[in-house]
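J.: Fit chains B and C to the known structure of chain A by using the hints.
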Amino acid sequence: MRRSVFSSVVSYAKDVIWGMRSIFKSCLTAIPYLSGKHDLTKEVTEQYPDPISSKTPDDLPPRSRGMLNNDIERCSGCRDCEAYCPVTCIRVEAEPATDETQIWVSIFDIDFSKCMFCGICTEVCAPGSLRHTRIYGGASPRLSDMVASFGRGPVTETQRAKWAERRKQIEDEKVRLI
Amino acid sequence: MNAFLWVSSWLEGFGLEQVESIWILAPLGLIFIFLFIIVPSSMIVAYLDRKVTADFQARVGPNRAGPAGVFQSWADFFKLLQKDRNSEVSWSEELWLAIHTMALYSTVAVLPLGSLMLLVDTDMSVFLPFWAALVVALGTMLLGLSQKTVAGWYGGIRVATQAISGAFPALVAMICVGLRAGSFRWSGLVAIQGAAPLSWTAFSNPFQFIALIVFLVSGLVLLAIPPMDAALSSPDVSGGVAAHLSGRRLVLFKMGRFYSFYLWAVIASVLFLGGWKLPFEISENLLEQGKIQLLHFLELCCLMTKSLILILLVIWGARVNPRTRVDQITDFAWTVLSPFALFALIGASLVAGWGVLS
Amino acid sequence: MSSREILKTELAKLALGPFDSALPGPLRLQMELDGEVIVSAKVETGFIHRGLEKAFERQRWIASISYADRLDPDGPIFGELALCLAVEEIAQLTVPPRAEQVRVLLSELGRISCHMEYLVRVARAVGSDTMIHYVLRDREKILDLFELTTGARYSINFLRFGGIQADITEGFIERILELSELFRIRVKEYNDLFTYNHAFIQRTQGVGTLSSKRVRELGVTGPNARAAGFSADIRKIHPYSGYDKIDFEVPVADLRGLRSGDANDRFLLRLREIAVSTEILRQVAENISDGAFCSRKQGQEIKVPAGEAYVRVESARGLLGCHVAADGGPMPARIQFRTPSHAHLAAIPELLSGTRLEDLPVVLSSLGLGVAEADR
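These protein sequences, in sequence, are chains A, B and C. The first sequence stops at residue 177 when you use numbering that gives the first Met the number 0, and every number in between is there. The second sequence stops at residue 357 when you use numbering that gives the first Met the number 0, and every number in between is there. The third sequence stops at residue 375 when you use numbering that gives the first Met the number 0, and every number in between is there.
What the hints contain is simulated information worked out from the structure, not anything from laboratory work. Ideal placement from N, C-alpha and C gives every residue a C-beta, glycine not left out. Warning: the hint list may mix true and false statements.
To be verified - Pair by pair, the computed Cβ-Cβ distance ranges are:
{"id": "1", "chain 1": "A", "residue 1": "34", "chain 2": "C", "residue 2": "285", "range": "32 to 38 Å"}
{"id": "2", "chain 1": "A", "residue 1": "136", "chain 2": "B", "residue 2": "91", "range": "48 to 54 Å"}
{"id": "3", "chain 1": "A", "residue 1": "34", "chain 2": "C", "residue 2": "349", "range": "46 to 52 Å"}
{"id": "4", "chain 1": "C", "residue 1": "142", "chain 2": "B", "residue 2": "30", "range": "49 to 55 Å"}
{"id": "5", "chain 1": "C", "residue 1": "18", "chain 2": "A", "residue 2": "57", "range": "38 to 44 Å"}
{"id": "6", "chain 1": "B", "residue 1": "38", "chain 2": "A", "residue 2": "57", "range": "45 to 51 Å"}
{"id": "7", "chain 1": "C", "residue 1": "204", "chain 2": "A", "residue 2": "5", "range": "24 to 30 Å"}
{"id": "8", "chain 1": "C", "residue 1": "46", "chain 2": "A", "residue 2": "140", "range": "26 to 32 Å"}
{"id": "9", "chain 1": "A", "residue 1": "16", "chain 2": "B", "residue 2": "89", "range": "46 to 52 Å"}
Bound conformation, chain A alone:
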């Protein structure tokens, strides 16, 4: 089907005008971002390490998952977090202290270079000692800095022997009471 010259000229002109209009309209869309009237002029960039940033750890939502913190006083050394951690970034070593109820958590290391902040360890933590903090700036140039240690430290042989003796004493006392 051949169109007449006139109609093809008209459709050509229409095309050109439509193209110019659409491009001009696109340009106009960006104008409210320059004038001060709208809310749009506000910059959305968060200038993260600068103090001028509007976001501080306090502004984070309540469930925000930051670096993990373990309250070692409440930690029972049950090793559930170690077992459930999908990336095996938690290492716990615990041994019985004075009595069965008291556990000496000698090592509680969280390797943040492996951690993926899924929050499963806090969910399975029965005493509720392992919690996410709101601290998010944990970057470090050295890999060794990424390991956070919450443990009470290693136990010496003499201490271990002492505890064993004390436990035995308590055991004996229980037997005697019965």
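T.: The following block gives chains B and C in isolation, referenced to the frame of chain A:
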């Protein structure tokens, strides 16, 4: 008439002897223009480009180097100068980069910067930058072809195809202005225009306005300036010819890109937007009082402001609109720009003929 | 490139990738070029194969959810949802209605955010900086919502077998309603800025045309299939998680007019899906029911009996299937995913042959590929 006599007036200002030999004045003048006009304005435009773009996009933009980041482009410039080259550069690459750069900066000699700062003002001076642009495109293409990378090959070929298709409408739009002025001298082209916008060539009749639009857009096509820069920054060639350049060569290339854009804006404002004309007969008064340097400065400011506004308008369009594909750019240049340029030429000649007859 | 005469040149070979700004992810394309026109293309994948399906077998049931997040980092909720639905089917767990509704809210939010990522990719492919930043700015609001309720922006790890991890936080529903109002304004802005732009339409129309017949043969699903006129949506065919109670219409491109299943159609269909998802969000948020959020106690070891289940969900990219086999142990015996992007990868060679090299980023981005999802 010595084109470089204006340099001596500045040299006197620095307490130097009256120098009249052209072989000293000409290089001094070119170096002066390059160092004190082209480099600073490229820095200003690079900064404004980033800052205005950031404003459009609700971002902050450069804010580290200097107050509000004004020295950012200088920082980038010096950083790139310090960088080492990243790979072996073949001699053909060096050669074509040099030819490309020489072609580009040869136009400094014909750059119109004011009524007294006219360097080469001949009957053909309008066409010299135009031919230079074509040589630059050719140089860029051969630079790309000598790079032996996919980005270089495709980028180079695309630059050349674009330039060929953009040249015709640009040429026709230039002729439109020449028709009205009756001359292709810079001085003649500006002489027929006034300081007030209504007496500018672009607004003298609708055909000249169409010619202005065609001239601007075809300049983008000819020199591969955004948004018509598919040859250089579309993601599939990732940088085009510039992808293989680094350090000082990249500075040279980028400065060249900017300079061609700047050249085009200056020429457009001289041809269509009144050039350096100052209102209220300021130039005549200053000439009478002999304040030549002040006159130079004011005229330059007038011209630079117009060019800067043009550049910002182009940046505005470029940041908002998507990049056009190369075959669409060439199609656009042949099927839209060229017919409109010819239409403007016919209209402009009718108007000129009417003026002669009546 | 249909009718116009093209100058024939000697074929050139070009290997693009695995890392290139034109590609949506780590892929490698082995192409033969005739000048600027691609004659044939071969896709190589596997550059971000993480052994995800094998990794599931080493995790306990609870921890496997956080791996399902990683199936598709752009839309983490869909992998989780598929896994949870499958395990719930095996273990015969019931999900309280409130949890179902929150799941719908989260997956529609995830769909919008994934589609916005898509808009960004297309805008980047055609080189429109401003559009990129506007869309990213608005997507940030969705990520903020994710953070508000789940505590994380990307890998949310919020769904649990039998419900969700915790009840939604205060202000979540209000902000969803606000957001659905906001998106109505924003989508108009995107249209003015980008969708109706002549240069954009020129770039995408007639590029990468996928016919309805080929959609069926290649197994392409989701928005890409619907943009080719192939109406299929798991949310309608096999409603899950209470989608049958929601009144919504799945947008399908009408191919009677100028539409042909090209890149522009795929883009427009995503925009329409954003509108539909906004509508779903509004409906669910207004009628959210009270009650428990999980049928199980949190942090409790789950006993999954031996059995198998296969469920399908409609992810933002298409049909996402999850096949779970359990042997009664503490860990899954086998979890397998059928990912939509894998089918989309199969469509690349024929979409690319005949297009120009410059359209390659447009075609690839218009498919909305999740390479992480395809490689697993």
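J.: Holds or violated: 49 to 55 Å for the Cβ distance of residue 142 of chain C and residue 30 of chain B?
T.: Holds, since residue 142 of chain C and residue 30 of chain B (Cβ atoms, about 53 Å apart) stay within the stated range.
J.: Within 32 to 38 Å: is that where the Cβ-Cβ distance between residue 34 of chain A and residue 285 of chain C falls?
T.: For residue 285 of chain C against residue 34 of chain A, whose Cβ atoms are near 35 Å apart, the range 32 to 38 Å holds.
J.: Would you say the C-beta atoms of residue 38 of chain B and residue 57 of chain A sit inside 45 to 51 Å of each other?
T.: 47 Å, holds
J.: Please check whether residue 18 of chain C and residue 57 of chain A have a Cβ separation lying inside 38 to 44 Å.
T.: Given about 39 Å between the Cβ atoms, the range holds.
J.: Okay, residue 16 of chain A versus residue 89 of chain B on CB: inside 46 to 52 Å?
T.: Because 49 Å falls inside the window, the suggested range holds.
J.: Between residue 204 of chain C and residue 5 of chain A, does the beta-carbon spacing fit 24 to 30 Å?
T.: 26 Å, holds
J.: Residue 34 of chain A and residue 349 of chain C, beta-carbon distance inside 46 to 52 Å?
T.: For residue 34 of chain A and residue 349 of chain C the Cβ distance comes to about 48 Å; the hint holds.
J.: So the hint says 26 to 32 Å: do the beta-carbon atoms of residue 46 of chain C and residue 140 of chain A match that?
T.: 28 Å, holds
J.: Taking 48 to 54 Å as the hint, is the beta-carbon distance of residue 136 of chain A and residue 91 of chain B inside that range?
T.: 50 Å, holds
Checked against the numbered hints given earlier, this structure breaks none of them.
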